[in-house]
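K.L.:
Input sequences plus hints: build the corresponding full structure.
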Amino acid sequence: MNYIDPNPQPRLHHDSWVPSATVMKLRADHDASTPGLGAERALHYTAFYKASQEPSATLKKAKALADHLARRTIQICEGEMIVGHHTEHRIGAICYAELAGVAMLEDIFRFESSKTTPLYVDPAAKRKLLLSVIPYWLPRHLAARAFPFAKSIRYLSEQLQAERFIITETGGVAHFVPHYEDIITQGTGGLRARVKVRLQDPNLTQEERNQLNANLIALKAVETFSDRYFQLAQKQGRHDIADILERIPRQPAASLREALQMIWFFQMVIQIESLDQGISLGRLDQYLYPLYQKEMAQGTFDPDAFRDIFCAFCLKLSEVIPLFSGRLTEMFAGLPSGQAITLGGIGKDGQDAANPLTFLLLDVIDQFKTRQPNWHARISKNSDSAYVRRVFEVISHGGGSPAVYNDDVIMPALSKRVDRPDLVWDYATIGCVEPGIPGISYNSSDAVLFNYARILETVLGRTQDHNNIHQMSNLIEALEAELRSEIATLKEYLDAIERANCKDHPVPFSSLTVQGCIEQARDLTAGGARLNASGIQAVGLADLANSLAAIETMVFERKEMSLGELAMACQQNFEHDPALKSKLAGLDKFGNDKANVDTLARQMLALFDRVISENVNTRGGRWMPGVYSMTCHRSMGRKMAALPSGRAAGAPMADGIAPTDGTDCLGPTASLNSVAKLDPMHTPNGVNLNLKFDANTVKGPAGAALLQGLVKGYFDQGGIQVQINVLDPETLIKAKKNPENFKNLLVRISGYSAYFVDLTPDLQDEIIARTLQAA
Amino acid sequence: MKPLSAPIFDIQRFSIHDGPGIRTTVFFKGCNLACDWCQNPESQSVTPLVSFYENRCDQHFACARACPENAISKDGFRIDYARCSRCLQCIEACPNGALQLIGKSLGPAQLFEQLLADKAYYESSDGGVTFSGGEPTLYPAFIERVLGFCEEHSIHTTLETCGTFSQKRWTSILPRLNLIYFDLKIIDAKRHKQATGSSNRRILENARYLTTNGYPVEFRLPLVPGLTDDPDNLEKTADFLKALGQSKIHLLGYHRMGEAKIDIIQGKQKKLGLQNYAADKLADVAQWFEQRSIATAAT
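So the sequences go chain by chain: B and V.
Heads up: the first sequence at position 156 corresponds to 966 in my numbering, and the numbers run straight through without jumps.
Heads up: the second sequence at position 105 corresponds to 179 in my numbering, and the numbers run straight through without jumps.
There could be a bad hint or two in this list.
List of simulated lysine-lysine pairs, DSBU-like, C-alpha gap at most 35 Å [stated by the list, open to error]:
| # | chain 1 | residue 1 | chain 2 | residue 2 |
| --- | --- | --- | --- | --- |
| 1 | V | LYS148 | B | LYS1546 |
| 2 | V | LYS148 | B | LYS1391 |
| 3 | B | LYS1301 | B | LYS1449 |
These are computed hints drawn from the structure, not numbers from a lab.
P.N.:
The following block contains the structure:
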C-alpha cells in the first residue's frame, strides 16, 4: 500500500514539547513498581493441560489461552491510558513452562536475589511452581519432546553451555511482525469473518478445520478478555477507557488512541500465547498515518495528547520482561524483549515516507526514554533532510535510540532472498536488527547464534591434520569442512525443535495476525505465513579474521613458527610465551582499514553465507545469515581457548559485526571502513554495529551533524546498520555506584537498549572501560 | 635528487577539532618555535626519535639485547640519543610497546593514500584534510604536492600554522588552501621572544599579509594561565585583530596532557605544573572579547 500523502502538510515541530505531568506521574508509578514473576500463566496452563482430553494440539492451545485469559488477574492502574498487563503484576515476566520456562526455573530460588533485575516471587506461587508446574513439564516441555530421552539430555546440557551455538528457538519461535495495518482496520470482527469464509470450504481436512476453529476460539477469547477490562473500567469510573473498549477490539479502530489500545491488546496476547521475544510493531508511523489524516480532517488531532498517549504505550511495552535465568542473562543481558518499531523509510513509489507522525514519535524518543520499544529509523538517499537531521539530533541526545538502517543496501540484499522482492520497500525490523517484510513473514529471525570463531579452535585442535595444511587455502578448506559438519549438527537439532514447536506448540492466535495462515488454514509454526525463514547469526567474525591474518603472517609468510606450535601456544594461553601474545596482538586487526585482514573477514563472511544459505527450514523458509551476537560474544568467548589473534582464553569476542574491543586503534572512520568492506548482500538477516561516543564529542547541533556525516560516509560505502551510544563515563561510574539514582539511564547493548542498572557488574565495567571513540 | 619526503609524527583520522567536519589531521615533525607551554614537545625536533614509556616496561631488556649500538641503558631513561642510530630494532624487540618511534618519513603519495581512505567522510560531513604539527610550513614543497592530490579529489584543505612561514616560499601555495588557522600567541615582541624562543616580527607580518590579501584565515589564541591570558596580551591581541579588520578568534584552552609527553623523549622543556584551563575562565575570556565585538569560538 502507498503511504505517501498526496497533499503534504507542513511538518509539525514541537521541539519544546515535554511529556505532561500526568504522563510523568504514570512513569513514576511504573518505575516504582517491583517486577514480579508472573506465575499465573504457568499455573493455569498446567492445570488446563493436566485436565484436558483435547486431542488436537491447536485446539488445546487455543482453549488453554481462552481459559487463562478468562481467569488471569486483571487491573487498571491509576492514570493508565492504555490498559492490560503482561502478567498479574504491573511489570512482570512470564514463565512459559511448556517451552523453555522449566529451564529458566532452575533459578527459582535466585530470581529475588538476582544482581540485575530482581523478580519478586510470591511464596505461594513458588510452592505451586515447584510442586505442580515443574514436575509436569519437565518430561513434556519442548526440548524434551523434540528428541529421544538420552539425546534431549545431551541437547539441553549443550544448550546450557552454549559453546558451539545456541538455538534460541528452543524457547519458542516468536520474532515476527503482526499485520497491524490489517488488525486496526478490521478488528477481531473482520478477522473472524475471514476465518468463517475459509471454514466454508468443503475441501478442508480435519486438521485445517481444527486450525480455523482454534483461530475462532482465540478471537473470542481476546474479545471476552477485553470485555473484562470494559467492566472493570466501568466499575472504576474510567469512562474514557470503557468508551474505547465498547468498540475495539471487535471493530476497526476509529482513532489513534483506539488503534494503540487495539495494538497493545494484540501485542499482549501474542506474547502471552507464544513468547515475549521479538514481537515487533513494524512501520507504525505508516500504518497509523491514515488515522492521523482522518483526525486532522475532523479537526480532532491534538499533537500533545498523541505524544502523551504514545508515552503511555511505550510504558506498556516496557512492562514486558523476559524470564531469563542467570545463564541466559549472560547471553542476552539487559532484558531485551525486542519489540521493535520502525520509522521512516520509503513508500511503494520509492519516495521518502517520513510523515508528521514520524516526527512526533521522534519527539517521544527524545523526551521519554524507556526500555522498550527498540526504535529503528530507516534512512536512504531519498530521505527527507529534515527527517535525517532530526534522527541524528535525537541520537546525539543519548539513550542509544533510534538505531539507523540503510535502505540502499538492505533492500537489494533482501530482494535476493525473499520470494516477494516487490515488497522489500516495506521492510521493517524484527527484534534487534533483523529486516523482514511485515505482516506476511514468519522469520524466526533470531533462531540461532552460531560461534563462528570456534570452528578455527576446533581445526587448530586437530593436530593430526596439520600436516595437510601447507598454505592458507588448505586452512580455509579445513574450516569449511568443519563449518559444514557443525551446520549439519545444527540443522538436525533445529529441525527437531521446529517440528516439536509445530506438533505441540501451535500458536492459533498469533497465526491470525500474519497473512497466509487463514488462507492456508495452517499455523505459523507449520509454515502458514506467506514467507518463512530462519535467521542464523555468526558470532566472532572479527576474531576469526584476525586469527587467520595472524596465521597467514606468522606461519605462512614469515614462517616464524609452525601451525602446530601456534596452536599449542593458544592452547596454553601463551603462558610460556607472553612475548608471542604481544606480537600476535600487534599484528593487523579488523577495524583498522587494513586490506589483508579485511579481505579475510570478507571471505569468511561469504563462506558463512554460502554454507548457511544452502539450508531450508521445516516451514519451507530459507536460512538467512546475519552477524550479531546479543551478549553471546561474551558468554561464548568465556569458554574459548586463546586465539591466534592474541585474544586471551576466556576473553570476549567481537560484538556483532564490529571489530573486537580494543583492537581498532585508528578511530571510528577506519573502523567503519573495515566493516563497510563486508558485502551487505551476505547478511540479509541483518547485522549489529555499536558505536560509542562520549557525550562531549557529540554535544550540540555540531555533534549531531558530525554523527550524521559519519553515518552517511559509512552508509555511502555500503554500511548496513549502526547504533550509537552517547556515553559519559563519569555518569556510568556514578550509576554503577548508586543504581537507585540512575534507573532511567539507557545504554545500547547489542541491538537493543537496556537500563544500565540492569546489567551485570562486569558488563557495566566493560561499558565503562571500553575505549570511547572520542577524538 | 632525493625523493620528496617529510617527517610525520601522527596521522589522526576522525579529527573533529581542526577545521570543519570530519577531517584527517597530519602532524608534521619539526617546529621553529619552542613555546614554554608546547603541547606536543615530541614534535619540536625534525629528526625521528625513539620514545620510552616507562610504565609499559617489564624490565626484561629485550631492547638492550637487540640494540646494535649499545645505546640502551638499564637505569633511568632507556635511550642514549647520542648513540642511537634509529635502526628500530629495540622497538621490534619490545613485546609491550614501551618503545615507540616518533616521526616517520613519508612521501607525498604514501601520505595521500592514507588521507584518501576517509574521503567518503570528508564528503558526507563537509570535512577534509588538515596540515598541522609541529609546524607544517617547514615543508612547502611536500605540502604543495599533497595539495595537488587533494585538489584532484576535491578534498577541502586546512593549514594550521604558528605564522613563521617564509612568504616567498608560500606565495604560490597559500591561495590553494581552503582555510588557514593562524595562531597568535603573544603580541608584545619581548615577551614573545621570552616564551617561544623567537621573535614575532615575521608572524605579525604574515598575519597582515594574509588578511590584506583576503586569504581565508582565522586566528587562534592559546590560553595559557599567566602567560598569554593576562589583560595586557588580551588587549593587544584585540587591538591587533581590529587593526587587521578581523572580528573573530578561536580560543584554545591550555591542556596539561602535553607535559606528560616531555618525559618520553627526555625533553628539556620545563614543566609549568599548570592545571587545564577552566571552563569558566575560558567563558570569561570569551565574554571579554565579545564585549569588544570580537566573536569567539572555543575549540
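K.L.:
Work down the list of hints and note, for each, if the structure agrees.
P.N.:
The hints, checked one at a time:
A C-alpha spacing of about 42 Å is found between V:LYS148 and B:LYS1546, which places the hinted pair above 35 Å, so the restraint is violated. Between the alpha carbons of V:LYS148 and B:LYS1391 the distance comes to roughly 24 Å, so the proposed pair stays at or under 35 Å and holds. For the hint linking B:LYS1301 to B:LYS1449, the alpha-carbon distance of about 23 Å falls within 35 Å, and the restraint holds.
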